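> Assemble chain B onto chain A, guided by the hints.
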Amino acid sequence: MIVIDKVFCRAGQHSISDVSFTVNDGEYFTILGPTGAGKTMLLECIAGLREAQSGRIIVNGEDITSKPPEQRKFGYVPQDHVLFPFHNVRDNIFFGCANINSENIKRLDELSKLFRIEGILERMPQQLSGGEKQRVSLVRALVRNPAILLLDEPYSSIDEGLRKKLWIDMREIHKNLSTTVIHITHDLEEAFTLSNKMAVLIDGKIAQCGSRESIFYNPANKQVAGFLGIRNIFTGTVKSADKETDRIVAECPYDIVTPWREGIREGMKIEFCVFPQEIKIIKSWREIRKSLEDNVFEGKIVNVIPHGVSFTLYFKITRPFDRGEEFDFEINIPSANFMKLSLNNGSDIRVSLRKNAINVFAAAE
Amino acid sequence: MYFSDRAFKTGAFGLLISLFLYFIILLVCGAATVGLQRFTAILFSEKILFAIKLSIFTATVSTILSMIVAVPASFALSRFQFRGKGIIDTLLDVPIILSPIAIGAMLLIFFNTATGRTVEKFTIPFVFEVPGIILAQFTVVCALAVRLLKSTFDSIDTRYEKVSRTLGLSSSATFFRVLLPLAKNGLIASAILTWARAIGEFGATVTLAGAMPMKTETLPVAIYLSFANADIERAMAVVFILVAMALAVLLLIRKLTAEKTT
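Line by line, the protein sequences give chains A and B.
Using the numbering used here, you'd call the opening residue of the first sequence number 796 and step up by one each time.
Using the numbering used here, you'd call the opening residue of the second sequence number 765 and step up by one each time.
Bound-form chain A, shown alone (with noise of 0.2 angstroms):
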C-alpha cells in the first residue's frame, strides 16, 4: 500500500500542495488533471525524481521520502517511452540489471510473450513503432519486478486508434501482473477505460479523489466538472429547500429544481451541474412524463456541432424568459435521435433537466 501524506513541492510557476491519496496493493490508480496540474511533478516526487519539500511518502508501512530514486524500486514510464538509443531492445529491458541471471531471463521470457515482444528483442529503438516502444518501456520497468509501477502519460504521443487497443492490452496485463499501477493522464477516456480509482488533481491540489463512478457522476465542485467537460453550470440562490420532497428551488434566475442536499438552506447561494446528455428533448405535442415535469424549459436551438455518434446542441431559453445570454444549455443527443427529431439550427424545442440527474456541489462561497 501507498500512502501519499499532505506532499507539498514548489519548482518555479509550478506547485503541488497538501497532496494525499492512498493506493492500496494491485490497484490501477489514475491521477487525472489538466496540462499544468502538476501531474508529472507529484509521479516524479513519488519516484523520488523531485524532493517533496514537505509531508511524506509511506510504501508498505516504511517512510520512503527522504529516499533516491534508485533505492525506491519503483518502475517508471515517461511520456515518449525515452529507450536508450545506443542499447538494443534486449539491452534496454536488462539496463537496470544489475547482472543477467537466470531469474531474470525467465522474467523476461514471460513479460515479453505477455507483451508480444518477443520478436523484436535485437532491433534498435530507431527501428520501432510507437506501440512497440511503448510495449519495451513497460517490460524495461517491470523486467526488476517494482512495487510500483509509475506511468506519466504513456499514451500521450500514440495515434487514437492505437492507444484505445493498447488500453484495453493494458487492462489485461494489469490483471495478470497485479502490479499496483499509478498512472497520470488528462484523457478522461484514458482515466476511465484503465481505473476504477483515480484522484482529479487541479492547480496542485487533489479536487477530489474516489470511484470511477462518485467522480463521473458526482464531481464534488465546479473545477471537477468543468474538468470533465460539463459546461452547464449554474449559479442560484436557494428559494426553498425540502428535505421531505427531496427538492431545493434554487433561482439562476429561472427557477430550477434540484435534488435535496444536506446543509443547504433557504437564501443560500449553491452550484450544481447536469450533463448534457442528461437533458430531455421533449416533442411539442407529447405528454410530459412525471419524472419530467420539474425544470421543463422552452426555446430554441442556437447552434449545432455534429461529432459523428452524436451531436451537441445549443439551447437558448425563450419561456418562462430569454435571460440575453448566448445560449443556456448544452445538450448532447445520440446522431440517431438528432435525425429522428429533424432537429436544426434554429428548431423551436421543449427540454427538460432531469431533477435527479442534476449534481449539486456544495454551498457556493
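These aren't lab readings, by the way, just hints derived from the structure by calculation.
In this text, all values refer to a predicted model and were calculated from it rather than measured experimentally.
Only true hints are included.
EDC-like cross-link-like pairs, simulated, lysine to aspartate or glutamate; straight-line CA separation at most 20 angstroms:
| hint | chain 1 | residue 1 | chain 2 | residue 2 |
| --- | --- | --- | --- | --- |
| 1 | B | Lys948 | A | Asp886 |
| 2 | A | Lys1111 | A | Glu1093 |
| 3 | A | Lys960 | A | Glu984 |
| 4 | A | Lys970 | A | Glu905 |
| 5 | A | Lys868 | B | Glu925 |
| 6 | A | Lys1111 | A | Glu1121 |
| 7 | A | Lys1150 | A | Glu1082 |
| 8 | A | Lys901 | A | Asp886 |
| 9 | A | Lys862 | B | Glu925 |
The following block gives chain B in isolation, referenced to the frame of chain A:
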C-alpha cells in the same frame, strides 16, 4: 520598404558567393607567394617541424585538460540549479570574448605576484616556458569547451537520466552510462573545436610564453616571427599548414554532425 522576392534572393546569394570568392582570392594570392618546392622545403625544415610538433603537443594537452574540467563543469551548469548560476554562466563567457592578449597579460601579471611566484616555485615554471603555452591555451579554450559542452548537455532530454535513476543507477552511474554515451558526438565535436582553437592561439601564448625559436615557437608564433624577419614565404607556408589543419577539423565536424542527424 521591402525588396522583391527575386532581388532579395539574388542579393543574399550574391553576398554569399562574394564572401566565398574573397577567401579564395586571399588563399590564391598567398599561394602565389610560395612555390610548391619552397613550401616543401619550409615544411620539412627543422624549425617548422618543431613548431608543428610543439603546436600539436600543447594543443592536445590543453584540450585534454580543458575536457577534464569542462565535462563535469558544463554538466553542473546544465543540470544543477543554484544561487549565482547566472553570474558564473556570464563570467565563463568572458575568456571567449576577451582579447587573448589581455588573458595573457593577466597570466603574466599573476606570475609576477607573490602567489604566482609561489605557484611556480612549488610546481613548474610557466613564464617563457612550454607549460606557459599550455596554460595560456587552456585559459583561452576551457571556457569555449564549457560553452560547447553545456549546449550538448542542454540538448539531451533529462528524462533519460530520470529513467536511469528509477532503473536503479546512482547519479554518477547515470552520468557515465547514460549521459556520456548520449553526448558522445557532442563531446568529440567539442574536443575537436577546442583543439582547433588551441592550435591557433597566439595572443595569450606570446604574452606568457614569449616567442623564442625552437623553444616556445608554435605555428602562430612562427608566422609572427617570419613576418618579423620579413620572410613572407615562410609565413605563408605556415599559414597553409594552419589552413590545412582547419579544413581537416571542419570536415571532421561536418561528418560528425551528419552522423548525428541521420
